[in-house]
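Dock chain to chain to rebuild the complex, using the hints, since each chain is given by itself in its own frame.
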Amino acid sequence: MAYNILIIDDSALTRTVMERTVRMCGVDINEIRTAAHGKEALEVLDSFWPDLVFCDINMPVMDGLQFIQALQNSDDWRDLPVVIVSTEGSETRMEELRRSGVQGYIRKPFAPEEVAAMIQQVLGATSNAR
Amino acid sequence: MPDNNEYTILEAASRVFETAAFLSVYPHDGSQELPPPERAATMTFHGAATGRVSMRVALSVLDSVVDNLLDVQNDPEELAMRRGDVLKEMLNMLCGNILTEYFGAEPVFDLSPPELLQDVTLPQPTSKEVMLVAMNIEDTLAEVMFEVQNRQNL
Numbered sequence: 001m002a003y004n005i006l007i008i009d010d011s012a013l014t015r016t017v018m019e020r021t022v023r024m025c026g027v028d029i030n031e032i033r034t035a036a037h038g039k040e041a042l043e044v045l046d047s048f049w050p051d052l053v054f055c056d057i058n059m060p061v062m063d064g065l066q067f068i069q070a071l072q073n074s075d076d077w078r079d080l081p082v083v084i085v086s087t088e089g090s091e092t093r094m095e096e097l098r099r100s101g102v103q104g105y106i107r108k109p110f111a112p113e114e115v116a117a118m119i120q121q122v123l124g125a126t127s128n129a130r
Numbered sequence: 131m132p133d134n135n136e137y138t139i140l141e142a143a144s145r146v147f148e149t150a151a152f153l154s155v156y157p158h159d160g161s162q163e164l165p166p167p168e169r170a171a172t173m174t175f176h177g178a179a180t181g182r183v184s185m186r187v188a189l190s191v192l193d194s195v196v197d198n199l200l201d202v203q204n205d206p207e208e209l210a211m212r213r214g215d216v217l218k219e220m221l222n223m224l225c226g227n228i229l230t231e232y233f234g235a236e237p238v239f240d241l242s243p244p245e246l247l248q249d250v251t252l253p254q255p256t257s258k259e260v261m262l263v264a265m266n267i268e269d270t271l272a273e274v275m276f277e278v279q280n281r282q283n284l
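Those protein sequence lines, which keep their order, are chains A and B. Read in the numbering used here, the first sequence has 106 at position 106, and its numbers run on one by one without any break. Position in the second sequence (first residue = 1) + 130 = the numbering used here.
The set of hints was computed from the structure by calculation and includes no laboratory data. Fair warning: there could be bad hints in the mix.
Stated by the list, open to error - Below, computed lysine to any residue pairings styled on SDA-like, alpha-carbon distance capped at 20 Å:
1) A:Lys39 x A:Asn73
2) A:Lys39 x B:Pro243
3) A:Lys39 x B:Asp240
Here the structure is a predicted model, which is why all the values come from computation and not from measurement.
With the rest of the complex left out, here is chain B (with noise of 0.2 Å):
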């Protein structure tokens, strides 16, 4: 059962995936075997604190959100050429959401653009104030990395 950090990120991917692309976010516990995350992306923030989002989906969610909002789904190289831009800017989002959600809406955050890495692991967390979040999309696996590495202007 999701702890209350992790409904946090949850609530937050269910905002940005829903609202922007119409997708439903359910929690995952593993008990379900789904496609696995095929792409992924990372970006920090730094300011009141500093840490890193990171989030690995599968092609047919960043598909789905292409095709969701731009009506593309005749049109495989169109779909193929904004998968990246599609992840970071999802990612965007969802970081910008889950700072709130965690840290409430006063502190200010300056956030990294967005960065496709080259495979699909998430990059290796270097603090213990780490939550990872399994989520269901679209009968797939997704996860999102929430590392919260340095609270010293909180």
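Next comes chain A alone, as it looks inside the complex (with noise of 0.2 Å):
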């Protein structure tokens, strides 16, 4: 099975470097599209249907909370997987962020094979739920 990823950063080097690394994880992946805030990516969704989710939290116009946010209250996309990237390193927040079901956390600056690990981990278990 080949997945589909959106990637969600306001930086374009961050996107780059992260389409990048997900290209090489390992996992086939069919598709890759990017969005620099929110609000892109919810319009992304209105024509894409990704397996995962990578979300910085801190960008302009729509933030990863409010992003989430917006998820949970969508029946189409409540159990879409996301994974937050971002440079924040707080505990309380990143419990804040598991009970928004969050599956999981990569913190800037990240390795490669912390992104690999986590999409085998994540799209792993959701291709044993299928």
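Printed below as a string of structure tokens:
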């Protein structure tokens, strides 16, 4: 099975690095789309069905927390796996995100191996559940 | 010799530049003259405490980051176009890492989007709790300023 991935980050550099990393992670990838903030990501979701979302927290227009809240309020996207990729290191916030249904957390700066491990962990679980 | 708070900033900078871009960071004591910073950016944090983190670096460092991550050394236009984004993202990572090192893992902070500064001068500090740390990255001078303006929610 080939997976669709959505990457949300306001940094073009990080979007490019994430996209490259995802393509090299050893999982069969069908399509990767990117968005610069949560609002743009919601527009992407009108025509794209991802299996996993990598989402930054600190973004203009609509931040990652607001985007996750929008997913929670959607019948279509409530169960979409989201992994946060952020510079923030607060365990209080991570616990809050876990309670919101976030599947994982990668802290910036990250090593490519962390992204690969997270993809295999989350998509493996998703794949096994199907 | 750097004090503990300066080490905190140096360690955070090392982690960011080495992990994200494979660049080494060394303390700079001023004894050696290095090419000066050429681009600066700043951002603020709010929440458990309020303050600002600013950084200025040489353009060659930004180019090295882009090249190490995207392998575009033969494309000067691509390098130049990405410098601002790179500086903002490195500062963003640095800010998050400094806050965790300095205040611990419990407090929650909201970070403003990083802004590029018009010139290379760092913002004037408005409080007494301020650290300016000079470092050597790729044999150029880089400076990070960390300022805590308010701790009332800690």
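Results of checking the hints against the structure:
1. Of the pairs offered as hints, the one joining lysine 39 of chain A and asparagine 73 of chain A holds, with about 14 Å between alpha carbons and a cut-off of 20 Å not exceeded.
2. Only pairs whose Cα atoms come within 20 Å are accepted, and lysine 39 of chain A paired with proline 243 of chain B is accepted, the gap being roughly 16 Å.
3. Restraint check for lysine 39 of chain A and aspartate 240 of chain B: the C-alpha separation of about 19 Å stays at or below 20 Å, so the hint holds.
When held up to the earlier numbered hints, the structure conflicts with none and fits them all.
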